[in-house]
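Trainee: Take a look at the letters that make up each chain.
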Amino acid sequence: GDSVTQTEGLVTLTKGLPVMLNCTYQTTYSPFLFWYVQHLNEAPKLLLKSSTDNKRTEHQGFYATLHKSSSSFHLQKSSVQLSDSALYFCALTVNYAQGLTFGLGTRVSVFP
Amino acid sequence: NSKVIQTPRYLVKGQGQKAKMRCIPEKGHPVVFWYQQNKNNEFKFLINFQNQEVLQQIDMTEKRFSAECPSNSPCSLEIQSSEAGDSALYLCASSLTVSGNTLYFGEGSRLIVV
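Note that the protein sequences, when read in sequence, are chains U and P. Heads up: the first sequence begins at 1 in the working numbering, then just goes up one per residue. Heads up: the second sequence begins at 113 in the working numbering, then just goes up one per residue.
Simulated from the structure, these hints should not be mistaken for laboratory data. Hints may contain errors.
[Stated by the list, open to error] Simulated crosslink set (DSBU-like; lysine-lysine; CA at most 30 Å straight-line):
{"id": "1", "chain 1": "U", "residue 1": "Lys45", "chain 2": "P", "residue 2": "Lys115"}
{"id": "2", "chain 1": "U", "residue 1": "Lys77", "chain 2": "P", "residue 2": "Lys115"}
{"id": "3", "chain 1": "U", "residue 1": "Lys77", "chain 2": "U", "residue 2": "Lys15"}
Working from the sequences, and respecting the hints, build out all of it.
Mentor: Take a look at the structure:
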């Protein structure tokens, strides 16, 4: 079946540094990829949705590029802020009936 | 702020009790999903609806849950007989379409089964 892999469970870094969260996927279909961010006790919120192959999408300083050749949709930001501390989930959709397939999430902790 | 409204935010039930959660999807969204997020933050798809019709549900949901999305009323998800393993955050999400579209999540109902 379809799957999403996020290799980092926890990423800790200092404010102002760049960050990259890995996301790779497996599917036999052509997927849409998403990044959702979930702050403590809040709803998961859409951060980014993939565009066409090899095209970068950006929102709120975060960016990601869908690379079908490597089945990846890594999330990046050039300078993290304290408010970026949260859980980040990569997800894909191909099976319309079940909505999204989520990765296990990466917790980002940003320190002053 | 989320436009998908879930109630209650928290509920505590004893084993064997019923546990009912409600969801008002974002206005104009005909598709509703329910997910279970466990203590390890893993998401499990439970069931989804398009308007009032069930599109798909997993075996556990069919056997132990009762869910509906009546017209002009909140959607609901009810565990008929709560078990300790049901303790989790239950997330409702809505969408404009089923295929390839963005899901908008509510803040969830956290169930604790004691």
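Trainee: Tell me the numbers of any earlier hints that the structure contravenes, in ascending order.
Mentor: Structure breaks no hint.
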